Structure formats: C-alpha cells, structure tokens
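Line by line, the protein sequences are chains A and B. Numbering-wise, our numbering comes out as the position in the first sequence, counting from 1, plus 24. Numbering-wise, our numbering comes out as the position in the second sequence, counting from 1, plus 193.
If you're looking for bench data, these hints aren't it; they were derived computationally from the structure. On a predicted model such as this, the values are computed, not experimentally measured, just so you know. One or more hints might be untrue.
Said to hold, decoys possible - Listed next, the stretches of chain B that the computed footprint assigns to chain A, with coverage defined by at least 3 CB atoms under 8 Å from CB atoms of chain A:
hint, stretch
1, 248-257
2, 263-272
3, 319-327
4, 358-370
Even for Gly, the Cβ is constructed at its ideal location relative to N, Cα and C.
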Amino acid sequence: MNPYLERIYNGLIKENPSLVLMLGMCPTLAVTTSATNGFGMGASTMAVLIVSNVIISLLRKLIPDEVRLPAEIVIVASLVTIVELVTQAYIPGLYSALGIFIPLIVVNCIILGRAEAYALKNPPVLSAFDGLGMGLGFTIALTVLGSVRELLGAGSIFGIQLLPENAAVGIFIKAPGAFLVLAFIVAIMNALKMKTRANKMVEGCDGCCATCGSAGGCDSKKEGQA
Amino acid sequence: MNLILIIVTTALINNVVLSQFLGICSFLGVSRQVKTSASLGGAVIFVMTIASAVASLLYTFVLKPLDLDYLKTIVFILVIAALVQIVEMFLKKTSPAIYKALGIFLPLITTNCAVLGVALTNVQNEYGLVESVIAGFGTALGYTIAIVLLASIRESLDEEAVPVPFQGAPLVLLAATLMAIAFMGFSGLSL
C-alpha cells in the first residue's frame, strides 16, 4: 500500500487512538455529550496533532535527545494556546462547550505519543499524514460516541431531532452514560474482531502514560547530572 | 465554612474522575490492585496540593500583573513537570520510606491531566491561594477515593467469568459506569 495511505489506514482502523490504543480518554469521555462537541474536539486535536508532528519532524535532528520531552511539550503547548485563542475568537460556542478541555489537549497522550513514536523518526510529510490518520481516527471515534450519546440522551444527532423528546434517556448525556456507551462500543469492536485484545488495551494506555512520564523522569535526571 | 464546602464539592459532588473526566488514563490503567492504587492516590494528593499552591502564586504574582494570561497553559505544564522532579528528588533525600512507596508513580503524574486541570480550574474560578490549595487537596482526595473503590471492585471481579468481548477495558468501564451513577447521588446534596 502507498505509505501515505497506509498511515491514514493505520490511524483510522489498525491503531485507532481512542478505541484500540485507549489513548486520550479524558476528552473522549468528557466532551462527547453531543455529536457537534465530539467533532469539534476531534478537529481541534487533529489540527494540533498534524502541525506538531510536522514541526517536531522538521526539528528532529536539531533537538538534543536529553531535552526532547520538554522541547516537545513547549511546541505542543504553544500550538494548543494558538488553537485556544482561535476558537475563542471565531467559534465562541464551541469554546465554551469544550471549556477546560481545550487547554488540556497539551496533556493528551496521543499527541506526545505520536511525536515520540513517529515524528521523531520520520520525515515531515509522512509525519503529517500520520497526524492526519490519527486525528481522523480520534475525530471519528469522538463523533460516533457523541452521536450515540446525543441520540439516546436527547433524541437528536448534530442538533437534528430524530426521536421524540420524551423517548430520550437523560443519563446518556450525563457522566455515567459516557462510560456506558464507550464500554459497549469497545465491546462491539472486540466482538467484531473476536480477538481478546481487551486486556492489551488497558495496558496500552497504562504503558503510554508510564512511557511519557518515566521518560521525562530519565531526561530530567540526565539534565541534573549534566 | 466556605473551605469545607470547597472540599466536599471537589471531592464528592464534582468528583474529578467520575464527573469531570480528568485523570482517566491512570484511573483505568493503574487500578488493578488496591495497594498500588492507594499509593498512587497518595502521590497525587501530595503533588496536586503543592502544584495548586505554586500555580496560584505564579498566576497572581507573575502572569496577571504582566498581562500574560494567555501563557498560563504553557507555564503551568512546565511548572508541574519541574515540580514533580523536585518533589521526587526531595523525597529521595529526606524520607526514603515515602519515596519507596510513591517513587514509581511520581513521574506518571506529570501526564495526569487532573493536575493541570485543577490548576486551570482554580484560575477560572478566581480562587485565591488558600482556596486553591484546598481545592487541589479536595480534588486529589476525590481521585483517591474513586481509584481505590474501582480497584477493590476490580479485585473481586478477577475471578468472574465474563463474556469474552467484555473482558478487560469494557468491564472496567462498566464498573466505572455504576460508580458514576452512585456519585451522581451526591449532586443532590444541598449545601
């Protein structure tokens, strides 16, 4: 397969960040109260992800290995601040709906994870496609989750009323509904694959945080000694 | 009275994991055993309380007067990362026992979005220093309560025969669903 298309396929299906790798769970659960919010969050994250992948890939030979995590965090945090200011100025509705989760894109495991796992080792164009694939996978997962929750909880999708309002079950757009719908979506994906990858998933998330975190620890220790 | 209200609100009513959805990664990932979860909770309480204080001081005395409000995300994440390192080194020197219990969890906390989340929420709510520290402590307490409860549920679920597609992550999410429903009850508290 064409390597560019392969990157997109990888992000969408094979290593879908939300549904297979279980990364970036906080925004996945928190902002999917409606399809619009899920899509908006996915698109904001995708924008940061593509640009950060390209910048980090361009700088990959300049960033010294010892300080790569702080360097990456500064790049990502700057991009997130830009996205935050842009949404605040041009899409104020989305800005207030997503609230604190826009600045929190900084600590989204997906972004640092892709920088570490892909952008640091590959040329900019491929990294951009990697960001695009992962971003699309994340956006689609969030939009699906948001649509299901909005349909069950408010009877509409993207604000278009499909079910009579008294058929809606309010709990689906409250906190427990997020856990419940995600549990069933992941279980359905597992059933479709009929491979018990469920255990791996939890470890995948665990692993990422541990890698980012402990890698940071190692780095700063090296700095201290130097 | 107001401070007690902040603790109850942050720990129970707006529980950080079950109603704010912060720190989900470690909540799902490091909740296999009660003992490790409790240690992680302890480390989070420690770091979050200090981080809230430092972030609040920085915001009031540096960012606000210089009109650099929009830099808060960058500044807070760097401060938290540095702070975790300092706390780690400090504990290593002064109390090896605590360091041994919390050590491996400290680096993990840098990527725990709950810490950054609390720092940003405190600023949003215009809390002063004391209120920020109390809110940080209360939030971390809520996190500890939630993760220890989930770990105890998971320990007793270990032996159960669960349909194959639900094994692993979906089962944990279902346990979290029930906990979230239970915690919704606290929102009826009239304070």
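(message) Let me make sure I understand: some of the numbered hints might not hold for this structure. Which ones are they, in numerical order?
(response) Hints 1, 3 are the ones this structure does not satisfy, whereas the remaining hints hold.
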